[in-house]
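Engineer: If you want the building blocks of each chain, they are given just below.
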Amino acid sequence: MKPEILSKALNMVIPKPRFLEGARAGGIVHSQRDNTKRMRTGTTIIAFYFSDGLIFAADRKTSGGYMTILSLESVKIHEISPLAAIGGAGLVSDIQHVVDMMTELNSGFISKFEYPLSVKGQARYLANCLREFRYYVDPFGLECQFLIGGFSLDDEPAIFEVYEDGSLSQSKNFAVIGSGTDGALGILREEKKRLTERKLSLEEGVDLAVKSISRAGERDNGTADIRVAEPTIVKITIGVGYEVVDPAIVSRAVKNLLEREAPRG
Amino acid sequence: MARTNGSPLRDFRIKETDTKNRLGRVFAAFVKVPTGAYFITGGKEPPFLYGNESFKCVCVGNDELDVSEGEHILREIGSAISSTFSEEDLHALVVANYVSRVTQFDLEDLHSPRGVAAEFIIFDVGEKVLKVHYDGNVETEELGTMKEKFTLVGAYNPVFRRTLLEELRKAPADVTSDNLQEKIKEIEKVAFSIKKKLKLKHIGVLM
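Residue numbers (my numbering), protein chains in the order written: chain A, 2 to 266; chain B, 57 to 263.
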């Protein structure tokens, strides 16, 4: 049997990103971005396990370089399938492209094969794409990093970190990406034991998410302060799937945190 | 098969008929039981079994080359899905879709005179059974609505098929974990009877 037949059939079964096909056809694209002045990411996105599934949280600031705030109402966590979400930090256009690509991939797979793609499958597909982009978009490929999380058919939740170089790692308790990583990590590490045991209730999870984003916002220029823009919090559970946490609950958690941390006297 | 100087359609028909004829005395039967299913296979060569937790696939072929072509097709999609997505994403429909396209493309490739004389039964555990024929056609049967207790691929020789169907009707379909030992003997009996009556070189039962 000719190898071309196998690869032709494979191309019809496994979807390829359209942009990547275009990039391949056009050869290497030399990026016009000034890499010495660029800000790699300007956001904070966290994800961790709670008793019923996963919580994703992100600040809402979109900045243009170091000095300009473009928006304080951005939503950085996106639903890519009924049971999976993606959060992206980095260049907005690249993130939007990847979110569209992943949404299309998931809906195509479900409609074709009647099964949803596993979260691991989605993360590996994205990592493969980002790695390939490096060869066609010089010098660093797409400027973005992602957290992908959700449920697979085995009912086990999973969180994966995917970086622009195509690296992929699974997180057993929590994960953070973006420029505010250091601040948020400090808070999440304090709760590492409970996060690993996956015993947090939704309320405790929301409080922890707000506190982590708050710390990141205090220390990082690219992350919105929670006093200016309340974070977006999303939960993914096996029963309901992707669901944005009621902003009233988030507001209450923000208020409680600010009251607790207000200077006394 | 010699390639004619006639029309491509004529060449295609000759190739198709030749491939079908080579599958005349080869078969794989899927027998539904309350706890799942078992397969009975027969022909010149042992079948190739492939699968994971969500599906089981049996590939039968006319000769060793055909079975190994089938094996190659199945391993190709397995490794492609594992490296692109993950092992969990290799489902029955993915395999059926790929195998169907490959067999169809191969049959339509008139530069190669020899078609892949292999057929596939894919059991989507607990849900349905998919049969991929040598020409790429896919037949799907839901377990709940199957007319007979069994379904089969191959056996295109009418005389062979008639005798085989008579024998397969004797195969037990009430196998449970309680009566397994006793029923295995019955299945073996049916299998040996098929082998003897149809003068097959190989007969196999896959549980």
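One or more hints might be untrue.
[Claimed, not checked] DSSO-like cross-link-like pairs, simulated, lysine-lysine; straight-line CA separation at most 27 angstroms:
id, chain 1, residue 1, chain 2, residue 2
1, B, K252, B, K184
2, B, K251, B, K241
3, B, K76, B, K241
4, B, K187, A, K9
5, B, K88, B, K245
6, B, K239, B, K253
7, B, K76, A, K9
8, A, K121, B, K184
9, B, K239, A, K3
10, B, K100, B, K245
11, B, K203, B, K187
12, B, K205, B, K88
13, A, K17, A, K3
14, A, K113, B, K253
15, A, K113, B, K187
16, B, K100, B, K255
17, B, K226, B, K88
18, B, K203, B, K253
19, B, K100, A, K3
20, B, K241, B, K255
21, A, K173, A, K200
22, B, K251, B, K88
23, B, K239, B, K76
24, A, K3, B, K76
No lab work stands behind these hints, which were simulated from the structure alone.
Quantities reported herein were computed from a predicted structural model and do not represent experimental measurements.
Engineer: Next step is simple, just say for each hint if it's right about the structure.
Structural biologist: Each hint tested on the structure:
Note on K252/B and K184/B: the hinted pairing is violated, with a Cα-Cα distance of about 31 angstroms set against a maximum of 27 angstroms. For the suggested pair K251/B and K241/B, the alpha carbons sit about 15 angstroms apart, so the restraint of at most 27 angstroms is met. In summary, the hint linking K76/B to K241/B is not supported, as the alpha carbons are separated by about 33 angstroms, beyond the 27 angstroms threshold. Proposed proximity of K187/B and K9/A is supported: the alpha carbons are some 22 angstroms apart, at most 27 angstroms.
Of the supplied pair hints, the one linking K88/B and K245/B holds, its CA atoms being roughly 18 angstroms apart against a limit of 27 angstroms. Proposed proximity of K239/B and K253/B is supported: the alpha carbons are some 21 angstroms apart, at most 27 angstroms. The straight-line distance between the Cα atoms of K76/B and K9/A is roughly 24 angstroms, inside the 27 angstroms bound, and the hint therefore holds. For the proposed pair K121/A and K184/B, the alpha carbon gap of about 26 angstroms is at most 27 angstroms, so the pair holds.
For the hint pairing K239/B with K3/A, the CA-to-CA distance comes to about 44 angstroms; that exceeds 27 angstroms, so the pair is violated. A hinted pair counts as satisfied when its Cα atoms are at most 27 angstroms apart, and K100/B with K245/B qualifies at roughly 19 angstroms. Under the criterion of a C-alpha separation no larger than 27 angstroms, the hint pairing K203/B with K187/B is consistent with the structure, at around 15 angstroms. For the hint linking K205/B to K88/B, the alpha-carbon distance of about 6 angstroms falls within 27 angstroms, and the restraint holds.
For the suggested pair K17/A and K3/A, the alpha carbons sit about 22 angstroms apart, so the restraint of at most 27 angstroms is met. Between K113/A and K253/B the CA atoms are separated by roughly 42 angstroms; this puts the pair beyond 27 angstroms, and the hint is violated. With a CA separation close to 17 angstroms, the supplied pair K113/A and K187/B stays within the 27 angstroms bound. At most 27 angstroms may separate the alpha-carbon atoms for a hinted pair to count; K100/B and K255/B meet this at roughly 10 angstroms.
Distance check on the hinted pair: K226/B and K88/B sit about 13 angstroms apart at the alpha-carbon level, within 27 angstroms; holds. Taking the CA atoms of K203/B and K253/B, the gap is near 26 angstroms; set against the 27 angstroms cutoff, the hint holds. A C-alpha spacing of about 25 angstroms is found between K100/B and K3/A, which places the hinted pair at or below 27 angstroms, so the restraint holds. The straight-line distance between the Cα atoms of K241/B and K255/B is roughly 21 angstroms, inside the 27 angstroms bound, and the hint therefore holds.
A threshold of 27 angstroms between alpha carbons decides the hint, and for K173/A with K200/A the separation of about 14 angstroms falls inside it, so the pair holds. Proposed proximity of K251/B and K88/B is supported: the alpha carbons are some 21 angstroms apart, at most 27 angstroms. For the given pair, K239/B sits about 33 angstroms from K76/B by alpha-carbon distance, which is inconsistent with the 27 angstroms threshold. For the suggested pair K3/A and K76/B, the alpha carbons sit about 20 angstroms apart, so the restraint of at most 27 angstroms is met.
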